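K.L.:
The hints should help you fit chains G, Z, R and Y onto chain C, whose structure is shown.
Listed below are the residues making up each chain.
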Amino acid sequence: MRTIGKQRKKVGLPPGTIVYSGEKRVERVRITLIDYDETHFQEKEAGAIEECFPFKEEPTVTWINIDGLHDVELVEKLGTHFGIHPLVLEDIVSVGQRPKFEEYDGFLFIVVKMLSYNDERNELLTEQVSLLVGENYVISFQEREGDVFDLVRQRIRGKKGRIVKQGADYLAYALLDVIIDNYFTILEKIGDRVESLDERVVGDPTPKTLQEIQVMKREMIFLRKSVWPLREVISGLERAESKLIRKSTGIYLRDVYDHTIQVIDTIESLRDMISGLLDVYMSSISNKMNEVMKVLTIIATIFIPITFIAGIYGMNFEFMPELKLAWAYPVVWCVMVAVIVGMVTYFKRKNWL
Amino acid sequence: MRTIGKQRKKVGLPPGTIVYSGEKRVERVRITLIDYDETHFQEKEAGAIEECFPFKEEPTVTWINIDGLHDVELVEKLGTHFGIHPLVLEDIVSVGQRPKFEEYDGFLFIVVKMLSYNDERNELLTEQVSLLVGENYVISFQEREGDVFDLVRQRIRGKKGRIVKQGADYLAYALLDVIIDNYFTILEKIGDRVESLDERVVGDPTPKTLQEIQVMKREMIFLRKSVWPLREVISGLERAESKLIRKSTGIYLRDVYDHTIQVIDTIESLRDMISGLLDVYMSSISNKMNEVMKVLTIIATIFIPITFIAGIYGMNFEFMPELKLAWAYPVVWCVMVAVIVGMVTYFKRKNWL
Amino acid sequence: MRTIGKQRKKVGLPPGTIVYSGEKRVERVRITLIDYDETHFQEKEAGAIEECFPFKEEPTVTWINIDGLHDVELVEKLGTHFGIHPLVLEDIVSVGQRPKFEEYDGFLFIVVKMLSYNDERNELLTEQVSLLVGENYVISFQEREGDVFDLVRQRIRGKKGRIVKQGADYLAYALLDVIIDNYFTILEKIGDRVESLDERVVGDPTPKTLQEIQVMKREMIFLRKSVWPLREVISGLERAESKLIRKSTGIYLRDVYDHTIQVIDTIESLRDMISGLLDVYMSSISNKMNEVMKVLTIIATIFIPITFIAGIYGMNFEFMPELKLAWAYPVVWCVMVAVIVGMVTYFKRKNWL
Amino acid sequence: MRTIGKQRKKVGLPPGTIVYSGEKRVERVRITLIDYDETHFQEKEAGAIEECFPFKEEPTVTWINIDGLHDVELVEKLGTHFGIHPLVLEDIVSVGQRPKFEEYDGFLFIVVKMLSYNDERNELLTEQVSLLVGENYVISFQEREGDVFDLVRQRIRGKKGRIVKQGADYLAYALLDVIIDNYFTILEKIGDRVESLDERVVGDPTPKTLQEIQVMKREMIFLRKSVWPLREVISGLERAESKLIRKSTGIYLRDVYDHTIQVIDTIESLRDMISGLLDVYMSSISNKMNEVMKVLTIIATIFIPITFIAGIYGMNFEFMPELKLAWAYPVVWCVMVAVIVGMVTYFKRKNWL
Amino acid sequence: MRTIGKQRKKVGLPPGTIVYSGEKRVERVRITLIDYDETHFQEKEAGAIEECFPFKEEPTVTWINIDGLHDVELVEKLGTHFGIHPLVLEDIVSVGQRPKFEEYDGFLFIVVKMLSYNDERNELLTEQVSLLVGENYVISFQEREGDVFDLVRQRIRGKKGRIVKQGADYLAYALLDVIIDNYFTILEKIGDRVESLDERVVGDPTPKTLQEIQVMKREMIFLRKSVWPLREVISGLERAESKLIRKSTGIYLRDVYDHTIQVIDTIESLRDMISGLLDVYMSSISNKMNEVMKVLTIIATIFIPITFIAGIYGMNFEFMPELKLAWAYPVVWCVMVAVIVGMVTYFKRKNWL
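Residue numbers (this note's numbering), protein chains in the order written: chain C, 1 to 353; chain G, 1 to 353; chain Z, 1 to 353; chain R, 1 to 353; chain Y, 1 to 353.
Hint data in this document are derived by calculation from the structure and do not stem from the laboratory. Don't take every hint at face value.
A pair holds if it fits inside one copy or across any two, identical chains being indistinguishable in the list.
[Unchecked claim] With a straight-line cut-off of 25 Å between C-alpha atoms, the simulated BS3-like cross-links for lysine-lysine are:
no.	residue 1	residue 2
1	Lys77	Lys165
2	Lys350	Lys294
3	Lys100	Lys247
4	Lys159	Lys324
Note that the coordinates shown come from a computational prediction; the quantities given were computed from them, not determined experimentally.
The shape of chain C in the complex, shown without the other chains (with noise of 0.2 Å):
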């Protein structure tokens, strides 16, 4: 995971250069548009931007979501049409974004980060989501295809719940919800992570485990800078005195201001877990050099001693009287076995056994 080169911003363009700063996701870019009231429903796939256009003047909830952002063509367009400030589209596809909300006069502009885990390689990918929130219609830019935003079109189209007797702020803010509950699957899958490694760490610690806690603690820097900023966002939208947040659209914002608070709290207690698993691989380690020095150590200690006395009894000399006695060998021996006996007895007090 690149965490820092991302960010960078194409040097020395004029500001508003609009220029697309990730890698290339898709293909193709997706334009799908979604129109919709209480009691009027409507979702078709644009082949060209300017299809969309119509759209704006009516007083329906139009909802245009666009996958992809390296057609930096179609993105300007818009731009022109909706009236947004060139800044903005610039925002837009410059992927390293830091979540952010800007009010401009007749639209408000959201950056969030959208997360996703790839089981295959235990590997958290993140992208860019931008929403557009005007009167009546919300534009969301993503970097490739997402199925998270499908759980909000199903409701649309089922015309369940809420939704559709509600403006394009609840919509945004429907938006937001999915994404910010989907970190909540992203964390346990992390949380789970994080207790396999706790066991492996106590049982098995080499040098790759000490990697991925590394791996680990990268991504929950990575994670929190994602998160943190996100605070800001949803209660500068709550406390946002635009026009375009209509009151009772207020409280599910707090609703989504708890979640994020959650989300913080739990990417904490995560941050400081993973910190615990150092101290006890570093301890792990330490527990491991100790058994091997003890082992070294019980057999050095007992074998120093009784090859000293074989050794007594090798040298030359000719006038070694032991040496000429019948029982002096069995005496030997049993000297020996005193000098095991008494060592295993030491080290069974201290322990060591």
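P.N.:
Below, chains G, Z, R and Y without anything else, positioned relative to chain C:
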């Protein structure tokens, strides 16, 4: 103790969908109702939630306590009758909530965590308690049947103290008070475990001790997460400009607030102590390694030189004049003893023995 | 030093129940009364609390000091006569309070911690002191008889300084001032112990040293908990808009506030130093291990090769031409000496000797 | 990289004394002047500062860029003509300034740090850039000739984008924008180095790696010191109620502010990663030590016992019945092989082999 | 450096009692008086404090400097004449004050710390400087004769710069400015020591190096305690609504404030570096241990197996066919050499040699 997974919300369901997110901890939801004022007292166990509805209109204080949150339908009926916002009902049955306080038209909503301690398994248990405080009623929701509230019930039954002369706000205060008082009991138990760990960590630091330190560390992370937001909850209640909280109750809330701060202080102190334990553990391990190394070094350093001497006179050279001398053998013994004495003296001077 | 258990409140009793939560530290509650103004001075020891009641109405400043908190009945009588809120009385006898300042109608309530140092057992002792400050009276509660307040008594008796010309607020200030001044004495003693530890930690780091560091660390955690809230207490007093605090006393409170900040600064510095001691301890241990290892390595590295040489000529092959040569034995000795010299030179170059 | 000494001010000189505090980095001070509006463009290199003075009065935007700060006289002349406060001139030539923003009558004063990276020596270089922003002029001061501003120059020359239609405030913004955009390039290089270090730290941790980690740590301390105050600088500019900053420029400043926050976020992430590297380094070292110990232990534990057996039968007792037995020698060999096999099995089970 | 004891106040004395709390650092209190305005200059050394009193009434700026604080009577006389509050006088002679700024009727009271560096003993010295700033006078108190203020004296004598045209507030500023400028000199010296330590810590980490790191760490704790409050002092001065500080002086105070922030920044950087040194020290120690272990392991691992081989053929079995073979001895030598070569190759591959 799983600290992460529980917070998970059902991703993608429309907001306000009431789905119980915890484990089913009681077989049957139990509804108890206490209705009282200074002169009047009624207590009953309601078979169905509808039995409680008439009490809403009466001027006496009504306390409805619901043990078990999995009967979603019951919660919905209650919500409809008492005019509770669907998002509040959703929060009541989602057991991973952060403690919070919210003001609504006509009622206050309070979420706190109740702690208990499983002595057998040395495990900290947590339970979400939600309070709905209206003009003349308090509805409390618990995950399972608890005995902490019995203390309040007895006071009402016995008409002891101020409680029967006061309104629903005082009842809510009394419930919060026993919940927070109970934290002190829990913290004392944790304090005892810290002290017991403290002794073991110096005397006999095993990998199991380390694991126990880690478990306690996590418990503190978890406890902290449950208690820190309480501060805001209580001070929010104290400052709330709702008509539902009488002025005379304010002074009692300040008292609860003081206790909350004391709980937080104690948690922070315990955290510091547990962190300290890890340092002691690490250096106990180092100390033990040091001791092992010393034994090895002493044995090796004494015997290696004298074994060498024995080796010398084990050589088979034909012309080794010493071998022929009658006093050579005792002299060699003397040299060896001298080496031993020298080494021991050296170690004594180094404070190794 | 138990830092946790003391804070425990009696769980479940109705709020305002006055139950002494500490150990009984004095046999008999002692009530002393001093009544003074610029011209008048009266001091007596009251047998019963009722003897103090008439002084409430008099315009002179009355100081009632109560040593020992276990006589709950006495406290209650006092409370009733002076119109003290039951929650305040509860706080006075619950000795695990956090320092705090509260304004009530007609009186101010101040809780602080008084410290003392048991030199024999090198132990920090703490005692809760509560002050009730009214229009023309101060009532002080202590857990046991203390000598710090004697300094104030002597000033009143001797009519020294400003004190006799000022009101009850100045008396309260004077009492806080001696309590906080006393902290400096305590901190100096701790500072001395830190310095003594500092020397031992480098010279002779034993597990006992580690334990002492841990004890001091905890004392600092404990001290910090007692002193940090003092800051708010004093600044609360300073800013209080109560008529009970005259403007002229404000400047003295600012002085006490400065001292409190100094105490906090010093505690933080001591904490930093004690943390530093742990680092030094850990590396002293590492250094010692290193030294042990070096001795082992030097001995082993010198003798292992020459023992091998001796081993070679201890072999019993029939055809070992060296064995027959008369000068072989001295040559072998020379080789051995050469190995020794070589090794020693190598170690010298490595700075190991 | 010396991070301390540069900040030194000339002690004791009267304030407002203009003394250059850096090293002389360019031979000759170079003055370039660009004067432009939507229709007009003039660029020249001025031989003397006086050539720039007439442009002060003209309504077109004038950008005077000065490379090299050691010509104190020049700065003073400029200051006198443009009415700059002596303390500002002092700050311009004292190159250890903290980034700051100050409003004066008639002009704004901005100090920032420009970074560059010496690829050969892997060294981070810093340079102080001061901007004086007036009604229709910007004066920029650099320590040496830089190429980052060329990007702005080209935009003016080419009349590209908004810049030529805007005033001096937009020019100042454009200069700040390229400086901060350049930070991303620097951070990416540092990110690359962190990743390269990361690999080496696991694979081959040498003391040199440690030193490199330390150097990077210091670079981050230094970078942080340069960038953190930028936050206040930009937000100060944004909030400034000066008439010198038009409303239309505000939105661009908010964009720069976002970039600054991103830079700070990235620096904090890098700091966390570099701290993590140290942990990995320490445990890599421990791991290597562990491996060394294991080899020693395995060798010693296998050979010490069998060497002892050989020692036994090297004894010269006359009555050792085994020595006479023809099959004793092969049996001893078998015992030795059995010992080896036993040990190897034991180590295999312990996961040491 | 004792950092704790000095702050001790005389416990129990009435507040406002003027008792010198430091060591007597000068033999005789020295009073110097400078009286000046734009046209007039008078300098004299006063034998008695009373000689200074007449200057209080004159419109010229009067600077009374007092070196040595132990003459409490002198301070009291001064206080009475100039109308200084007793608590201020107490603070002036209590040398453990925290830097602070207080406004009183008719004068301002400023306490700061002056630093100096004993190059011989590599020791940081501190001295309390108090300033009383009135309408047209400044009274400065120092613990001993210092030379930093000479820089200001020379400027007044030489009528250089702004100083003689400004009032007492500018003089106070000028004194603060030289004190804070002097911090940069001190920090540079500490920076040099850090760099010298840095080299030694990698090259030759001895326990003495560790002690030096600890000493520097404490010096930084101490320095920080002296400098952090300065921030508030200066910004307090800047914001003070006292008539004693003219508007024109405000801009100079802002400059001093900037320097204070720079000093704080530098101290924090130095602290970070010194903490880093400890990490390097610890891993240098580990590295050295590792090297020792390697030498031991290499020697042991090479010689233990071949010593075993020698041991085999040192056995005295009668039936050992190898012993009779003429070429057996050279073959054994070859085997031994092969073992050595094998081991060395193994170590080479492991990068141990």
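K.L.:
Determine for every hint whether it applies to the structure shown.
P.N.:
Hints and how they fare:
1. Proximity of Lys77 to Lys165 under the C-alpha cut-off of 25 Å is restricted to the inter-copy arrangement: shortest distance 23 Å between copies versus 30 Å within a copy.
2. In the homo-oligomer, the alpha carbons of Lys350 and Lys294 lie at most 25 Å apart both inside one protomer (11 Å) and across protomers (13 Å), since each shortest distance falls under that limit.
3. Taking the shortest Cα distances, Lys100 and Lys247 sit within 25 Å of each other both inside one copy (21 Å) and across copies (21 Å).
4. Neither within a single protomer nor between protomers do Lys159 and Lys324 lie at most 25 Å apart by alpha-carbon distance, with minima of 109 Å and 102 Å respectively.
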